[in-house]
Amino acid sequence: MSIVVIAIAALLSLAATFGAILGFASVRFKVEGNPLVDQIDGILPQTQCGQCGFPGCRPYAESIANGDDINKCPPGGETTIAALADLLGMEAKPLDEEHGETKDKRVAFIREEECIGCTKCIQACPVDAILGAAKQMHTVIAEECTGCDLCVEPCPVDCIDMLPISTTINDWRWERPSPPLSSTQTIIASDRQGTAAGDNTKPTDDGDQQAA
Amino acid sequence: MRKLWDFHGGIHPPENKHQSTQSSIRSIALPDTLVLPLNQHIGAAADPCVRVGDTVLKGQMIATAVGRISVAVHAPTSGTIAAIEEHPVPHPSGMSDNCIVLRSDGEDRWMELTFCADYKQLSAAEILSRVRQAGIAGMGGAGFPTEVKLHPPSNDKVNSLILNGAECEPYITADDLLMQERAKQIVKGMEIMAYVLEPEETLIGIEDNKPKAIAAMREAAANTRIEVIVVPTKYPSGGEKQLIRILTGREVPQGSIPADIGIMCQNVATAAAVYRAIRFGEPLISRITTVVGESVPRPGNYEVLLGTAMSFLLQQAGLPLAQDATAAAPVDITSHPRPNQGHCPAVTRLIMGGPMMGFTLPNASLPVIKTTNCLLAATPDEFPGPATEQACIRCGMCADVCPAELLPQQLFWYAKAEEFDKTEMYNLFDCIECGACSYVCPSHIPLVQYYRFAKDQIRAARIEQRKSDLSRARFEYRQQRLDREQQEKAAKRKARAESAAKAQAAKAASDQPEQAETTTMATTAKAGAGGAESKQYIIEAAVERAQQKHLQVEAESSKPPALEARDPEGPQNHEESRNLDELLDRVTKTKAKLEKLQDSLATSLATNGDQSNSPATEKLSNAVEKNKIRLAAAEQALAAAQATAPSTQQSKPA
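Residue numbers (my numbering), protein chains in the order written: chain U, 1 to 212; chain Y, 1 to 654.
I should point out that these hints are in silico values taken from the structure, not numbers from a laboratory.
Be aware that a few hints might be false.
In the PhoX-like style, the derived pairs of lysine-lysine whose C-alpha atoms are separated by at most 20 Å in a straight line are [stated by the list, open to error]:
| no. | chain 1 | residue 1 | chain 2 | residue 2 |
| --- | --- | --- | --- | --- |
| 1 | Y | K591 | Y | K628 |
| 2 | Y | K492 | U | K120 |
| 3 | Y | K212 | U | K120 |
| 4 | Y | K416 | U | K120 |
| 5 | Y | K591 | Y | K626 |
| 6 | Y | K494 | U | K120 |
Far from chain Y, some chain U residues (derived; all Cβ distances over 12 Å) [what the hints assert, rightly or not]:
| no. | residue |
| --- | --- |
| 7 | P55 |
| 8 | A92 |
| 9 | K93 |
| 10 | P126 |
| 11 | T167 |
Nothing here was measured: the structure is a model prediction, and the numbers come from that model.
All C-beta atoms in this analysis are idealised placements derived from N, C-alpha and C, irrespective of residue type, glycine included.
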């Protein structure tokens, strides 16, 4: 009998000790906010375009953390979906076409001679990238524009164009080496049809075509 | 005898240096036109300080350095500025960049220069500012501003100053000839650098395949503290980190610069340029370029003014080229087959830099810049096109020759699979792109291209990440600002209501928060979002704002709010009617817009009737016209839609 009591007492005291430690830890090391939401928000492209149906990237991140679909972000496209799937341990899905399709990055441009200075686009811009005042010509700070399209619709005189971003010498990137065009080029040189085994030290036409 | 170390790997490609070492450095005729790119170095592009039509003298500064990491550009000869425009520049992309076009007047008149017989009378700071003014950038190939490099972080004391005369890359002999013929200048330039840096030892590393240069340098460096050290020939011993390893046995840690371990490496040509800048006040306006390749009749080293068209230089070297240097004289490149436009058929590729690390140029109309150490005009036999890439057979030869002791095979797999975070784990950014791995690869895999691709993708992703972080911050600031404005407005409204109806004050005050409460509750239910309280508040506020905006829009278009079937409950049910709704919506919106614009047009006409063609009125009338057209189009679309689906139109909630 006493053994049972001792055992129960021991377990209870253990439980109380660990409970106290855990309770203290939960207060002492409390994490403000939801770290998962921050991580998801970090992956989203921050265009703040609202194409997902939420008023910004962070609300969508919160919704994803609560189990929403990860394929509602057209600006992010496949890359973002893959990164989200990786983070959340889910299967990557194709982009939900209801929310739009992935386009190349663009930047808003105001045709300044046509602008009447109505400030509507300034109010629409989610990242404060449009500069101007009432009855003064407005302009887009191209560096800060996320290409969200939100300023195009409110413009009463349709003077905003979404221009594609052209590559300059400063943001030019090396391309991925093009893979061989067909399997006949990847086979061992001496197996190639119509090529003598001793002849394969010379570059063939295939090689040139592949490089093109 | 100094102890030498060895670096891992390395290769021994055919040197091919004898072709260009047969004659001394030659000068060429003065070209009519010089094209000077504003960015010939690493860092920010220089800013032009002359205007089109200005007359400049030889050596005059025509573009100033912008910011810390940048160098100036000078006029290589006297003449007039013909243009400041985009012009193709030697760059792997083959793209254009801003250039100053200088038309030579043929007189080659120098500006007045500041001589300095004894550099010891200048302070270190003065010498550095003169080096900066002279526009000197590293002439070994990378083009890092020399003044910045001579200014190591204050906590880094330079113990060893090393001059790099290894010139390990095949074909290139520009430094070799410079050391043979201008050894005194190099030694004096090094003394000036040593005066600035006060190092404990000053070394010059030269590969043992340049006996003449070694002898000349030894003679020039006699009776000085400078030590000339002969290193075994092995590619890439001329790499900065590799030469440091050979001479001192030390390794530059990952992500740091040699100055962090008390070592600085400079190119021999840079030292000569520093000497000329301090002694004679001459800016960097010319350089020695090796012109070589089987198709060049007179290969050798040429003293070339910066900005000289490569086609002009090749012509001077005896290669028959199209006369007009400005017309793009295309070189038929095997890797980019294109129609041969009557060009010298023997040349298949024009390469700037050496065969290992250089890049192919699209044509010969490009200018010679501060980093053009070699111009290689090769024939098809000399440089056959790239062989077909075969599968990796995991032979491991690439790892054996990698001078950075990386695992090229792993890097290749991950770069090919575009798993860039893994390539970073395998220290991709320690790759110096020397090309030794590609050289030995029996499967002809263009390994360095894969690494460059991976590096650029990672860099692009980093830039993108930084940009998106900035937009997040701006978005959050904006939200905070809007919240604050709304709160202020609400507070004001409350105060007004209280003062206006004192009798009903209590009721009004209790009413308003209640209303707010109910809307918030509703939105919470709709959004169904959990999470921490503070976050929820932000979402609620955002949703509320969005809804208010929505209501505003609806009010503007004078339509019952029910028509805007945007609620997430039944998008499928209203799918068809929504189409019609949208069209109808567009028509009403456009009408509203049009009316407004017409109103404002009328008022503006009334207020300044006499100046009816003022720009504002003109704009407005333009806008009215445009909106009329849009309205017509919208109405047409609506009519068409209604014709096809009259039933859905009727079932539409009114």
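Cross-check of the supplied hints:
1. The suggested pairing of Y/K591 with Y/K628 holds, with an alpha-carbon distance near 8 Å, which does not exceed 20 Å.
2. A threshold of 20 Å between alpha carbons decides the hint, and for Y/K492 with U/K120 the separation of about 24 Å lies outside it, so the pair is violated.
3. Simply put, Y/K212 and U/K120 have alpha-carbon atoms about 74 Å apart, too far for the 20 Å limit, and the pair is violated.
4. For the suggested pair Y/K416 and U/K120, the alpha carbons sit about 47 Å apart, so the restraint of at most 20 Å is broken.
5. Restraint check: the Cα-Cα separation between Y/K591 and Y/K626 comes to about 12 Å, which is no more than 20 Å; the hinted pair holds.
6. A threshold of 20 Å between alpha carbons decides the hint, and for Y/K494 with U/K120 the separation of about 27 Å lies outside it, so the pair is violated.
7. Non-interface status of U/P55 relative to chain Y is broken: a Cβ of that chain comes within 12 Å, the nearest being about 4 Å off.
8. Once the 12 Å rule is applied to beta carbons, U/A92 is consistent with being away from chain Y; the minimum gap is 14 Å.
9. With a minimum CB-CB distance of about 19 Å to chain Y, U/K93 clears the 12 Å threshold, and the non-interface call stands.
10. Once the 12 Å rule is applied to beta carbons, U/P126 is inconsistent with being away from chain Y; the minimum gap is 6 Å.
11. For U/T167, the shortest C-beta to C-beta distance to chain Y comes to about 8 Å, within the 12 Å cut-off, and the non-interface label is violated.
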